[in-house]
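Chains X and F, in that order, give the protein sequences. With the first letter of the first sequence counted as 1, position 47 gets the number 47 in this note's numbering; the numbers rise by one all the way through. With the first letter of the second sequence counted as 1, position 105 gets the number 105 in this note's numbering; the numbers rise by one all the way through.
Please keep in mind that the hints were generated in silico from the structure rather than gathered at the bench. Check the hints yourself; a few may be wrong.
Stated by the list, open to error - Away from chain F, derived, C-beta distances all over 12 Å, residues of chain X: (1) 17; (2) 25; (3) 38; (4) 42; (5) 63; (6) 74; (7) 82.
Claimed, not checked - Quick list of the computed label-pair ranges, beta carbon to beta carbon: (8) F:110 with X:83: 14 to 24 Å; (9) F:16 with X:7: 33 to 43 Å; (10) F:20 with X:5: 13 to 23 Å.
Glycine is no exception: its CB is placed at the ideal position from the N, C-alpha and C atoms.
Below, each chain spelled out in residue letters.
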Amino acid sequence: LAKTTQPISMDSYEGQEVNITCSHNNIATNDYITWYQQFPSQGPRFIIQGYKTKVTNEVASLFIPADRKSSTLSLPRVSLSDTAVYYCLVATSGAGSYQLTFGKGTKLSVIP
Amino acid sequence: DAGVIQSPRHEVTEMGQEVTLRCKPISGHNSLFWYRQTMMRGLELLIYFNNNVPIDDSGMPEDRFSAKMPNASFSTLKIQPSEPRDSAVYFCASSSFRGNTEAFFGQGTRLTVV
Numbered sequence: 001l002a003k004t005t006q007p008i009s010m011d012s013y014e015g016q017e018v019n020i021t022c023s024h025n026n027i028a029t030n031d032y033i034t035w036y037q038q039f040p041s042q043g044p045r046f047i048i049q050g051y052k053t054k055v056t057n058e059v060a061s062l063f064i065p066a067d068r069k070s071s072t073l074s075l076p077r078v079s080l081s082d083t084a085v086y087y088c089l090v091a092t093s094g095a096g097s098y099q100l101t102f103g104k105g106t107k108l109s110v111i112p
Numbered sequence: 001d002a003g004v005i006q007s008p009r010h011e012v013t014e015m016g017q018e019v020t021l022r023c024k025p026i027s028g029h030n031s032l033f034w035y036r037q038t039m040m041r042g043l044e045l046l047i048y049f050n051n052n053v054p055i056d057d058s059g060m061p062e063d064r065f066s067a068k069m070p071n072a073s074f075s076t077l078k079i080q081p082s083e084p085r086d087s088a089v090y091f092c093a094s095s096s097f098r099g100n101t102e103a104f105f106g107q108g109t110r111l112t113v114v
């Protein structure tokens, strides 16, 4: 299984764009990169996934270079409610399903 | 749909007692995951099922832990006997994984073993 490495914590002011980078050097060909968000006392929630290049949805953008050994989650104009832990995962396919293994995550604190 | 439903939400038990955690996945989902979360170890994948069959249980800490999925709408995680170090929040998640890697998590069961 591909291991992920991301910063333990980040601080940002409200209204700024936040970029969280994750490295996954031994990602396999069929693996997807996926990001989850977790608020205190709640289960993680899916944000975005990608395979290569750029993916954008209503919440975030995900940038993946050609070698796929890293990825960057971009949160535009963060607000206080974006304070949470963000997890980068490499979703490994197998037996008709995906294995979702969480790392340590990045604790994002948004400051007024 | 009501989402993934876990019960109980909170459980306090004495060391040595048997504990059973329950999970009802979202209807139509064919993959189910059990996770354990602590401050020290973060989110650990314990076991996951696909079409009611256990695919990978390498995360189950020891023989005291067992999980079953007798049908597509119900799963249990049992700890027997329980120990204080089992205290954690246990999450269940389910997914259909149809074209994406999105899994839906329940609210979790906070287990305290005293």
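Hint by hint, here is what the structure shows:
| no. | hint | in the structure |
| --- | --- | --- |
| 1 | 17 | 24 Å, holds |
| 2 | 25 | 19 Å, holds |
| 3 | 38 | 8 Å, violated |
| 4 | 42 | 7 Å, violated |
| 5 | 63 | 17 Å, holds |
| 6 | 74 | 19 Å, holds |
| 7 | 82 | 19 Å, holds |
| 8 | F:110 with X:83: 14 to 24 Å | 21 Å, holds |
| 9 | F:16 with X:7: 33 to 43 Å | 41 Å, holds |
| 10 | F:20 with X:5: 13 to 23 Å | 36 Å, violated |
Comparing the model with each numbered hint stated earlier shows that hints 3, 4 and 10 do not hold.
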